[in-house]
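A.B. asks: As a plain string of letters, each chain reads:
Protein chains: 2
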Amino acid sequence: MKNSAPGALQQLIDALRVLPGVGPKSAQRIAYHLLQHDRPGAQRLGDALLGSIATVQHCERCNNFTEQPVCETCLDPERDTSLLCVVETPADQVMVEQTMTYRGQYFVLMGKLSPLDGVGPREIHLDRLLRRVVDPAFGGVSEVILATNFTNEGEATAHYIGEMLKARGVKVSRLARGVPAGGELEYVDAGTIARAVLDRRAV
Amino acid sequence: MKNSAPGALQQLIDALRVLPGVGPKSAQRIAYHLLQHDRPGAQRLGDALLGSIATVQHCERCNNFTEQPVCETCLDPERDTSLLCVVETPADQVMVEQTMTYRGQYFVLMGKLSPLDGVGPREIHLDRLLRRVVDPAFGGVSEVILATNFTNEGEATAHYIGEMLKARGVKVSRLARGVPAGGELEYVDAGTIARAVLDRRAV
Numbered sequence: 001m002k003n004s005a006p007g008a009l010q011q012l013i014d015a016l017r018v019l020p021g022v023g024p025k026s027a028q029r030i031a032y033h034l035l036q037h038d039r040p041g042a043q044r045l046g047d048a049l050l051g052s053i054a055t056v057q058h059c060e061r062c063n064n065f066t067e068q069p070v071c072e073t074c075l076d077p078e079r080d081t082s083l084l085c086v087v088e089t090p091a092d093q094v095m096v097e098q099t100m101t102y103r104g105q106y107f108v109l110m111g112k113l114s115p116l117d118g119v120g121p122r123e124i125h126l127d128r129l130l131r132r133v134v135d136p137a138f139g140g141v142s143e144v145i146l147a148t149n150f151t152n153e154g155e156a157t158a159h160y161i162g163e164m165l166k167a168r169g170v171k172v173s174r175l176a177r178g179v180p181a182g183g184e185l186e187y188v189d190a191g192t193i194a195r196a197v198l199d200r201r202a203v
Numbered sequence: 001m002k003n004s005a006p007g008a009l010q011q012l013i014d015a016l017r018v019l020p021g022v023g024p025k026s027a028q029r030i031a032y033h034l035l036q037h038d039r040p041g042a043q044r045l046g047d048a049l050l051g052s053i054a055t056v057q058h059c060e061r062c063n064n065f066t067e068q069p070v071c072e073t074c075l076d077p078e079r080d081t082s083l084l085c086v087v088e089t090p091a092d093q094v095m096v097e098q099t100m101t102y103r104g105q106y107f108v109l110m111g112k113l114s115p116l117d118g119v120g121p122r123e124i125h126l127d128r129l130l131r132r133v134v135d136p137a138f139g140g141v142s143e144v145i146l147a148t149n150f151t152n153e154g155e156a157t158a159h160y161i162g163e164m165l166k167a168r169g170v171k172v173s174r175l176a177r178g179v180p181a182g183g184e185l186e187y188v189d190a191g192t193i194a195r196a197v198l199d200r201r202a203v
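Residue numbers (full-length UniProt numbering), protein chains in the order written: chain A, 1 to 203; chain B, 1 to 203.
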């Protein structure tokens with residue numbers, strides 16, 4: 001059937017491999033599943049893919065995905081424009097939003113510094129971040145909160161941005177590290193406890 | 001961001017959940033990945049989905065996917081029309097083809113009998129299979145080889161089809177069971193060895 005596979009079916013199987021983690025076998029299984037059991041779902045997915053490519057762009061201010069030039073979060077008049085939280089991805093922004101503790105604005109890097117993968121300051125739009133922070137047209141930022149991940153690359157990204165902004169005299173902070181909520185010391189790794197001891201706070 | 005997510009992006013995230021095994025978190029990750037890193041791939045996938053829905057149908061004879069009324073395998077003049085191999089899925093047909101030992105024709109059930117899931121003889125097109133076997137217009141079938149899986153449901157399906165066809169005087173056979181190629185007895189399950197002993201052949 002390698003040769004006799006219909007063109008459109010083979011194209012679908014090949015195209016499905018753009019999905020992360022989908023190899024040839026899974027692609028075949030997904031294609032058969034959609035054509036046999038869920039054509040309406042496949043139609044919705046096809047429409048959604050083409051629709052989102054056509055309309056979803058990056059927000060001019062925060063770099064997050066949006067269908068307008070500037071996203072709703074950046075236009076929200078109730079947000080504190082003097083606070084700017086820097087996150088790696090839109091998903092990270094969602095997590096910070098869900099805490100309900102932050103009402104400032106955001107800048108989404110859409111990545112992290114990773115020189116080995118060819119991702120440098122330009123690829124994560126640090127020039128735009130700098131302009132966003134120092135240009136008074138954006139309302140004036142008094143503090144930048146670095147909320148990149150606590151992985152090696154996230155830490156390196158935070159360090160780089162921190163140095164860049166401090167050189168301009170901007171106040172920069174980093175999310176606190178320590179024992180997670182509900183954490184039992186017995187099961188928390190030593191590095192985390194070490195950091196929690198160093199960063200202990202008066203009560 | 002739950003509220004501020006752009007409509008097209010949220011629609012894409014929702015639509016991605018038609019893919020088997022994709023939950024809300026993975027759907028979000030896939031959507032961000034495609035929009036950020038692989039828009040051409042997303043375009044190809046969208047086109048392929050809509051294209052295949054529009055063109056891929058079932059072969060009138062063998063029920064496999066095809067873009068023509070009758071598929072290339074069924075039209076191949078070099079195939080033995082007196083042999084018909086019944087498989088559960090197009091992927092199973094591919095596996096039988098890859099053995100290079102079978103040059104007859106196929107019938108693809110696109111499923112297996114599974115009464116608990118509401119899949120009965122009508123859902124796996126046994127009426128069409130019967131017509132395909134007994135109607136002389138299709139060239140006359142002398143033997144039907146049942147190549148459904150050796151699972152409980154596959155075995156039940158084979159048994160049902162076997163009884164149905166034998167009642168019409170059709171010769172029916174089933175794939176041999178036994179120790180797999182390269183199999184070591186120590187690591188093969190007892191049921192397989194028991195069947196291999198029962199079905200032992202003279203040398």
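Rather than coming from a laboratory, the hints here were simulated on the basis of the structure. The reader is advised that the hints may include incorrect statements.
[What the hints assert, rightly or not] The calculated EDC-like cross-link candidates involving lysine to aspartate or glutamate, where the alpha carbons are at most 20 Å apart (straight line), are:
#1 B:Lys25 x A:Asp92
#2 B:Lys166 x B:Asp135
#3 A:Lys171 x A:Asp189
#4 A:Lys25 x B:Asp117
#5 B:Lys166 x B:Glu155
#6 A:Lys171 x A:Asp127
#7 A:Lys25 x B:Asp92
#8 A:Lys166 x A:Glu155
#9 B:Lys25 x A:Glu97
#10 B:Lys171 x B:Asp80
#11 B:Lys171 x B:Glu123
#12 B:Lys166 x B:Glu184
Just so you know, these numbers come straight off a predicted model, no measurement behind them.
A.B. asks: For the pair we were handed, A:Lys171 and A:Asp189, check the Cα-Cα distance against 20 Å.
C.D. replies: 31 Å, violated
A.B. asks: Are the Cα atoms of A:Lys166 and A:Glu155 separated by 20 Å or less?
C.D. replies: Satisfied, since the Cα-Cα distance of roughly 16 Å is no more than 20 Å.
A.B. asks: Is the Cα-Cα distance between B:Lys171 and B:Glu123 20 Å or less?
C.D. replies: 24 Å, violated
A.B. asks: Check the hint pairing B:Lys25 with A:Glu97 against an upper bound of 20 Å on the C-alpha distance.
C.D. replies: Within the cut-off at roughly 16 Å; holds.
A.B. asks: Is the straight-line distance between the alpha-carbon of A:Lys171 and that of A:Asp127 20 Å or less?
C.D. replies: Answer holds: A:Lys171 to A:Asp127 is near 18 Å, not above 20 Å.
A.B. asks: Is B:Lys171 close enough to B:Asp80, meaning Cα to Cα at most 20 Å?
C.D. replies: 16 Å, holds
A.B. asks: Between A:Lys25 and B:Asp117, is the straight-line Cα distance small enough, at 20 Å or below?
C.D. replies: 25 Å, violated
A.B. asks: Hey, B:Lys25 versus A:Asp92, does the alpha-carbon distance stay inside 20 Å?
C.D. replies: The given pair, whose Cα atoms are some 12 Å apart, holds under the 20 Å limit.
A.B. asks: Are B:Lys166 and B:Glu155 close enough, with their CA atoms no more than 20 Å apart?
C.D. replies: 16 Å, holds
A.B. asks: Does the structure keep A:Lys25 and B:Asp92 at a Cα separation of 20 Å or less?
C.D. replies: 12 Å, holds
A.B. asks: Taking 20 Å as the top limit, are the C-alpha atoms of B:Lys166 and B:Asp135 close enough?
C.D. replies: 15 Å, holds
A.B. asks: Next pair to validate is B:Lys166 with B:Glu184; report whether the Cα-Cα distance is within 20 Å.
C.D. replies: 36 Å, violated
Taken one by one, the earlier hints fail for this structure at numbers 3, 4, 11, 12, listed in ascending order.
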